[in-house]
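Enquirer: Using the sequences provided together with the hints, build the complete structure.
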Amino acid sequence: MTPSLHQALRQWRDRQANMEGVESYRVLSNAVLDALAITRPQSKEEMLEVKGIKEARFRKYGKALLGILSEHGSEAIPAPKVNERGLSSSESENASEIASQEPLSVSQFLDGLNVELSGLAARIRGEVTSLDIRERVVYFSLKDPSDESTLPCFIFRSAYALSGVPLALGDEVVVEGVPNVYKPLGRLAFQVGFIELFGEGALKKAYDLLFQKLESAGIFAQERKRELPLFCERIALITSKDGAAIDDFRMNLSLSGMRVSFYPTAVEGKRAVLEILAGIKYFNQTPEKFDALVVIRGGGSLESLQAFNNEMLVQAVADSKIPTLLGIGHEKDVTLAALAADRMVSTPTATAKLLSQPWSEARSLITHFEQHLPLLFQERLVLATRLLDRGSEGLLTALGSVRDQVRMCEQGMAERIVELSGYVRERQTELSITRQKMQENFRFLLLRVRRALEASEEALALYDPRRALALGYSLIKKGERVLKTAGETRVGDILDIQLGRGSLSAEVKTIHE
Amino acid sequence: MNNTAMPKSTSLGEALKKVQEIMNWFDNQEEVDVEKGLEKIKEGATLIKESRIRLKEIENEFETVKKELEKE
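Protein chains in written order, with my numbering: chain A, 5 to 517; chain B, 379 to 450.
Taking lysine-lysine and the DSS-like style, the derived pairs with C-alpha atoms no more than 25 Å apart in a straight line are:
1) A:K229 with B:K395
2) B:K434 with A:K357
3) B:K420 with B:K395
Derived, one-sided and incomplete: chain B residues facing chain A with beta-carbon distance under 8 Å:
4) M401
5) V412
6) G415
7) E439
8) F440
Hints listed in this document are in silico derivations from the structure and should not be mistaken for laboratory results. Keep in mind that this is a model prediction, so the values were computed, not measured. For each residue, glycine too, the CB sits at the ideal point set by N, CA and C.
Expert: Here is the structure:
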């Protein structure tokens, strides 16, 4: 495929989509573009063989596409007559040819007409004079206040919702779109892709109304706001690739190894809402991959910021699973999308600074820590040393007092010992005196006993019967018994008689009682 | 990007918080516990070192998302 052909097809497709106010793929997908660039169909039949192009689509775009393809066709391929089924665009050239041509069917003619009309995209201002809101389409008329000219218009409900401008009779609006003939009726109507309010007054009114509506729905409530992570590293960025906003943002973002995924979109005009919505949706497919969803745009008038006052966009910002940070410049009223965000600032520069600030603060905090932590420890050490000094002093004092006490104890004990030895000596003297006395007493006692014994001895000697025997008395015994009376014997008894010296036995001869 | 020391952005915040706590500990310590203090200062030094690595000035990465709007 020739790059220039592919490029030409793409440019045409995007332009067409823009005119119709739809996404590019609704005109032709990339795959179809590729197929066209490769197969280079030169006729309706050939083109209908390309997957993705059917009768309806060919009716709408076939002529334009064949035109591009023939312009870029190699010279070997003869350029086909692309106008044979369409309308001639250059009458003077083809005037003579028309007469000789086969007549067109009404349908063919209207298809051709619509192809031509699709090139007449316009932006039109007018007052809404009739309004019929159907299930899939909204029909309305625009009137020119100066001369009562009227243009019938219609817009598909999806595009109507996207525009975010609820139509009301008497509103002055600006519409963008292409004229189109509705074939069954042969009536021309303007197919609107996007509606905007006209004039600052109307915009302000719409802004106020939507503000009230969203506020009462709690979209702006403080409780809804989430904290952005302290250190945002993975940033999902939505803004225009051109313009000062992106440069301001990049320039003011501190070098902290942040990873910025940048989704370029229009930030003004009808494409902006669609593209920003797509960006929010894209990033929210993997919310865990991002710390913050950042949408930025430089300042502008209420009109130029309309995209950010679009209800669907505001809702998408509020519904984002990734915490949102909006930096939309503004002159007077903060955009509703910014109000719905978790955090908002007023410029792209401020947005970058807000993201960078914690990093810079952390850097100075770390420097502070680095310097002060050792100092704090040193302070502790000095304090500890001082405390130790004080402690050892105390300890020494305590030791001294212990020593004093010990000394006092020793002294006391020595005194006690002296006292005690005196006492012992006294007791000893007492004891020896007592002993002496006892000995004397004992001796005296002994003497007395001896004397008593001697006396007893003498007394005993007096009573000794042997003394009587010696004096001539005898002791008569019968057996062992000493006789005291004569009656104790009988005649014939043998009696023992003890004398002073010796003894004898005698027989009783007579008894005298 | 070199952020192996602290893979998550929260851990940087936590590290800073911890160092701050250590500073506060020193500030509020009535009794001097040098051993504990030494422990704390070691911990603080490690945290500071790790944070420093993460806070090094590193080029930001810009990657433009390839639009995948093309759908049939």
